[in-house]
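Participant: For the protein sequence lines, the chains are W and Y, in the order given. Counted from 1, the first sequence has number 145 at position 145 by the working numbering; the numbering is strictly sequential. In the working numbering, each residue's number is its place in the second sequence (first place is 1) plus 170.
Because the hints were derived from the structure by calculation, they are not lab data. The structure displayed is predicted, hence computed values, not measured ones. Incorrect hints may appear among the rest.
[As the list claims (entries may be wrong)] Computed list of lysine-lysine pairs in DSSO-like fashion (alpha-carbon distance at most 30 Å, straight line):
{"#": "1", "chain 1": "Y", "residue 1": "K272", "chain 2": "Y", "residue 2": "K586"}
{"#": "2", "chain 1": "Y", "residue 1": "K272", "chain 2": "Y", "residue 2": "K229"}
{"#": "3", "chain 1": "Y", "residue 1": "K357", "chain 2": "W", "residue 2": "K80"}
{"#": "4", "chain 1": "Y", "residue 1": "K407", "chain 2": "Y", "residue 2": "K357"}
{"#": "5", "chain 1": "W", "residue 1": "K80", "chain 2": "Y", "residue 2": "K229"}
{"#": "6", "chain 1": "Y", "residue 1": "K440", "chain 2": "Y", "residue 2": "K205"}
{"#": "7", "chain 1": "Y", "residue 1": "K289", "chain 2": "Y", "residue 2": "K359"}
{"#": "8", "chain 1": "Y", "residue 1": "K382", "chain 2": "Y", "residue 2": "K407"}
{"#": "9", "chain 1": "Y", "residue 1": "K669", "chain 2": "Y", "residue 2": "K586"}
{"#": "10", "chain 1": "Y", "residue 1": "K440", "chain 2": "Y", "residue 2": "K408"}
{"#": "11", "chain 1": "Y", "residue 1": "K205", "chain 2": "W", "residue 2": "K8"}
{"#": "12", "chain 1": "Y", "residue 1": "K669", "chain 2": "Y", "residue 2": "K738"}
{"#": "13", "chain 1": "Y", "residue 1": "K738", "chain 2": "Y", "residue 2": "K670"}
{"#": "14", "chain 1": "W", "residue 1": "K62", "chain 2": "Y", "residue 2": "K289"}
{"#": "15", "chain 1": "Y", "residue 1": "K382", "chain 2": "Y", "residue 2": "K289"}
{"#": "16", "chain 1": "Y", "residue 1": "K229", "chain 2": "Y", "residue 2": "K359"}
{"#": "17", "chain 1": "Y", "residue 1": "K359", "chain 2": "W", "residue 2": "K80"}
{"#": "18", "chain 1": "W", "residue 1": "K62", "chain 2": "Y", "residue 2": "K586"}
{"#": "19", "chain 1": "Y", "residue 1": "K407", "chain 2": "Y", "residue 2": "K440"}
{"#": "20", "chain 1": "W", "residue 1": "K8", "chain 2": "Y", "residue 2": "K229"}
{"#": "21", "chain 1": "Y", "residue 1": "K205", "chain 2": "Y", "residue 2": "K359"}
{"#": "22", "chain 1": "Y", "residue 1": "K289", "chain 2": "Y", "residue 2": "K357"}
{"#": "23", "chain 1": "Y", "residue 1": "K440", "chain 2": "W", "residue 2": "K80"}
{"#": "24", "chain 1": "Y", "residue 1": "K407", "chain 2": "W", "residue 2": "K62"}
{"#": "25", "chain 1": "Y", "residue 1": "K440", "chain 2": "Y", "residue 2": "K670"}
{"#": "26", "chain 1": "W", "residue 1": "K62", "chain 2": "Y", "residue 2": "K738"}
{"#": "27", "chain 1": "W", "residue 1": "K62", "chain 2": "Y", "residue 2": "K408"}
{"#": "28", "chain 1": "Y", "residue 1": "K289", "chain 2": "W", "residue 2": "K80"}
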Amino acid sequence: MPLIETGKLVDDAWVHLGDDDALPAADVPVIVSLARFHKDRDTLVGRNGGLGIWLASSQHPKDIADHLADFALVALDFPKFRDGRGFTIARELREHLGYRGVIRATGHTLPDQYLALVRCGVSQVEIPEGRDPALWAHALTEISTAYQVSVAGPLSMARLSRHKKTEHAA
Amino acid sequence: MSPSAAARQIDPPANGLPSHAGIYHYDQVDRDFLKERVEQFRRQVARRLAGELTEDEFKPLRLMNGLYLQLHAYMLRIAVPYGILTSRQVRQFGRIARQYDKGFGHFTTRQNLQFNWIKLVDVPAILDLLAEVDMHAIQTSGNCIRNVTSDQFAGVASDEVVDPRHYAEVLRQWSTLHPEFSFLPRKFKIAITGSSADRAAICIHDVGLIAKRDAEGAVGFEVYVGGGLGRTPFIAKKLRDFLPEDELIAYLEAVLRVYNAYGRRDNIYKARIKILVHELGIDTFRDEVEAEFARMPVAQYRLEPAILDGIRARFASQPYEVLEPISGVLARARLEDQAFNRWVRTNVAAHRQPGYAIATITLKPAGGIPGDVSAEQVDVIADLADRYSFGEIRVTHEQNLVLAHVRQDDLPALWKALADIGFGEANSGLITDIIACPGLDYCALANARSIPLAQRISERFADLDRQHDIGELKIKISGCINACGHHHVGHIGILGVDKKGVEAYQLTLGGSAAEVGAIGDIMGPALSADETLDAIDAVVGVYLDRRQDGERFLDTLARIGHTPFKDKVYAAH
Numbered sequence: 001m002p003l004i005e006t007g008k009l010v011d012d013a014w015v016h017l018g019d020d021d022a023l024p025a026a027d028v029p030v031i032v033s034l035a036r037f038h039k040d041r042d043t044l045v046g047r048n049g050g051l052g053i054w055l056a057s058s059q060h061p062k063d064i065a066d067h068l069a070d071f072a073l074v075a076l077d078f079p080k081f082r083d084g085r086g087f088t089i090a091r092e093l094r095e096h097l098g099y100r101g102v103i104r105a106t107g108h109t110l111p112d113q114y115l116a117l118v119r120c121g122v123s124q125v126e127i128p129e130g131r132d133p134a135l136w137a138h139a140l141t142e143i144s145t146a147y148q149v150s151v152a153g154p155l156s157m158a159r160l161s162r163h164k165k166t167e168h169a170a
Numbered sequence: 171m172s173p174s175a176a177a178r179q180i181d182p183p184a185n186g187l188p189s190h191a192g193i194y195h196y197d198q199v200d201r202d203f204l205k206e207r208v209e210q211f212r213r214q215v216a217r218r219l220a221g222e223l224t225e226d227e228f229k230p231l232r233l234m235n236g237l238y239l240q241l242h243a244y245m246l247r248i249a250v251p252y253g254i255l256t257s258r259q260v261r262q263f264g265r266i267a268r269q270y271d272k273g274f275g276h277f278t279t280r281q282n283l284q285f286n287w288i289k290l291v292d293v294p295a296i297l298d299l300l301a302e303v304d305m306h307a308i309q310t311s312g313n314c315i316r317n318v319t320s321d322q323f324a325g326v327a328s329d330e331v332v333d334p335r336h337y338a339e340v341l342r343q344w345s346t347l348h349p350e351f352s353f354l355p356r357k358f359k360i361a362i363t364g365s366s367a368d369r370a371a372i373c374i375h376d377v378g379l380i381a382k383r384d385a386e387g388a389v390g391f392e393v394y395v396g397g398g399l400g401r402t403p404f405i406a407k408k409l410r411d412f413l414p415e416d417e418l419i420a421y422l423e424a425v426l427r428v429y430n431a432y433g434r435r436d437n438i439y440k441a442r443i444k445i446l447v448h449e450l451g452i453d454t455f456r457d458e459v460e461a462e463f464a465r466m467p468v469a470q471y472r473l474e475p476a477i478l479d480g481i482r483a484r485f486a487s488q489p490y491e492v493l494e495p496i497s498g499v500l501a502r503a504r505l506e507d508q509a510f511n512r513w514v515r516t517n518v519a520a521h522r523q524p525g526y527a528i529a530t531i532t533l534k535p536a537g538g539i540p541g542d543v544s545a546e547q548v549d550v551i552a553d554l555a556d557r558y559s560f561g562e563i564r565v566t567h568e569q570n571l572v573l574a575h576v577r578q579d580d581l582p583a584l585w586k587a588l589a590d591i592g593f594g595e596a597n598s599g600l601i602t603d604i605i606a607c608p609g610l611d612y613c614a615l616a617n618a619r620s621i622p623l624a625q626r627i628s629e630r631f632a633d634l635d636r637q638h639d640i641g642e643l644k645i646k647i648s649g650c651i652n653a654c655g656h657h658h659v660g661h662i663g664i665l666g667v668d669k670k671g672v673e674a675y676q677l678t679l680g681g682s683a684a685e686v687g688a689i690g691d692i693m694g695p696a697l698s699a700d701e702t703l704d705a706i707d708a709v710v711g712v713y714l715d716r717r718q719d720g721e722r723f724l725d726t727l728a729r730i731g732h733t734p735f736k737d738k739v740y741a742a743h
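Let the hints inform the model, and build the full structure from the sequences given.
Facilitator: Okay, structure coming up:
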């Protein structure tokens, strides 16, 4: 899958590891399911390559809260673009759990959702094959006003008053 | 200082809008945002037309911009934030109706306006015309926080405790393109009132807010959650008795987070928050919300007084004249003209400003289509608003309009002018003041037609003497179980059903969307349209026979029960 970060196509070093797949070389970073993580935790956290965890939209951040330090990346699945649970999960990871690693959206998203994903704390998006990456780049600049607080800013409601100029999402 | 000297205009006059209309006046930030949003949608339409977006992908995007595909054409639903408009905005509706629709528009139960005959390729141009007058169709549909609704008498009602408009505007801005809550399990409707009398039907909303004051005068909110109609109707349950003003946004974020995380997504009919609240129970739901609220960095979400001051400053106030509380002109006109007197009785409400009144324009002429207005009528109403009500017009959830600041002295002239365009009917709150959804004439979901039935009921009960004798009686008609016509909360509710391929109507009795909300009870088997008319006659007949002094229809029904009504209606079957 093509990978977008800050609006640009970037290389993807991460490998999605199926629950029964053999581990690649120790320096290849892998993304695993929660089941695989629980099964092979000791092996996985001891590797040199980074460890990423993949959450289904029905899974909850509290399921990984105790292990967040193990993960350089959290991948959130959007089984279909209408399933908006990932927005809340991403925001919760950032806001409540203080997670500072990479949050990646996987599955089916639209460029029209990209800015909202970023504002909720998502840092990368795996975009469906065959889509024009330029749409994602453009999506970040389409709407320059943010009326509400979000983890990517602004961090107060002051915009509503128009009294203060506040920074907001890139 | 006289009130008129203190009246606040928005300076510079906002986009040429009448600066004393009691709307939130846009600033440059709002206009820039709207321009970007229109451009965004223009590109989405282009991508759809070029095949870069599938219809499945385009659908939620167009819905979030108020665009539905109906039986015969696209319908565009335009947001009227908490139901308040300027005359210039209303004239723009007329222009759009002439240029892009069939010369009329339709006011809805959510205080919005719909055009029913729109072409997809025209939509960006229509959005440009709307943006010219600071209007849009954002979040009038889709699984997001919808346009916030409120009391049509906000800011002028004599029974008002807190003006809900400023909070409604805060909610409008906060919910606009909310990054976290634009792909919810299902739509999310918030209604807010600040009066003891509930004219906003808060009990049937996903979240209902009653703004009130504590003993020290501080503003807070009674918060209700989980109301809604559709195939599983619920009256909202109380979540908080007094939410402090500055916690409003934080708390609503907590409610929506719990909903977004746990609301059902497996079944569209069980996806509203009312089902989540019902399945968890209100106490467990409250615990979840409070737990989320406790974790939040509440300071970030605090609604500081300065923010509210900033919002308030963008609302104009009205340069009222200092008048005698009782108008001699009005008193004489009422004595001289019984028809006018009757209109004053039903369609005029008390205003907090001495010498002024609130006038309701019922869009329910005998035999008419509830909520429909032609471009010509709209232009006249805009002129009347300029002449008599500081250029301001409001929309009610009962599909009527309101001129909220009329000098009592001007009421006779206003009434005559309204009668000239067919809107002088003295029937606000009466049996012909019917709510009806678009029904099978327009809607792909409907089982039966609503509008022709509403028209026939309106004709059957057109006699104003009889209507006034019957008194307050609310009929609400939905063409299907989605309940857009609020039939569950009609004193008499009518639901269109499909009876082996034939349109039929199921009647309910005893619903109410007032302070003590209630879902009506089904009377019995569905009836044909003809039988429905006779059944309503029969129900009214029982009420008139059995009522005691001063009893309204609902009072008699509560006292004698449903059986006498059912017996009468189904006696012939």
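Participant: Could you run down the list of hints and mark each one as holding or not?
Facilitator: Evaluated hints:
| no. | hint | in the structure |
| --- | --- | --- |
| 1 | Y:K272 / Y:K586 | holds (27 Å) |
| 2 | Y:K272 / Y:K229 | holds (24 Å) |
| 3 | Y:K357 / W:K80 | holds (17 Å) |
| 4 | Y:K407 / Y:K357 | holds (18 Å) |
| 5 | W:K80 / Y:K229 | holds (13 Å) |
| 6 | Y:K440 / Y:K205 | violated (36 Å) |
| 7 | Y:K289 / Y:K359 | holds (27 Å) |
| 8 | Y:K382 / Y:K407 | holds (17 Å) |
| 9 | Y:K669 / Y:K586 | violated (45 Å) |
| 10 | Y:K440 / Y:K408 | holds (21 Å) |
| 11 | Y:K205 / W:K8 | holds (25 Å) |
| 12 | Y:K669 / Y:K738 | holds (22 Å) |
| 13 | Y:K738 / Y:K670 | holds (26 Å) |
| 14 | W:K62 / Y:K289 | violated (47 Å) |
| 15 | Y:K382 / Y:K289 | violated (44 Å) |
| 16 | Y:K229 / Y:K359 | holds (20 Å) |
| 17 | Y:K359 / W:K80 | holds (24 Å) |
| 18 | W:K62 / Y:K586 | violated (66 Å) |
| 19 | Y:K407 / Y:K440 | holds (17 Å) |
| 20 | W:K8 / Y:K229 | holds (27 Å) |
| 21 | Y:K205 / Y:K359 | holds (25 Å) |
| 22 | Y:K289 / Y:K357 | holds (25 Å) |
| 23 | Y:K440 / W:K80 | holds (18 Å) |
| 24 | Y:K407 / W:K62 | holds (28 Å) |
| 25 | Y:K440 / Y:K670 | holds (26 Å) |
| 26 | W:K62 / Y:K738 | violated (59 Å) |
| 27 | W:K62 / Y:K408 | holds (28 Å) |
| 28 | Y:K289 / W:K80 | holds (28 Å) |
Taken one by one, the earlier hints fail for this structure at numbers 6, 9, 14, 15, 18, 26, listed in ascending order.
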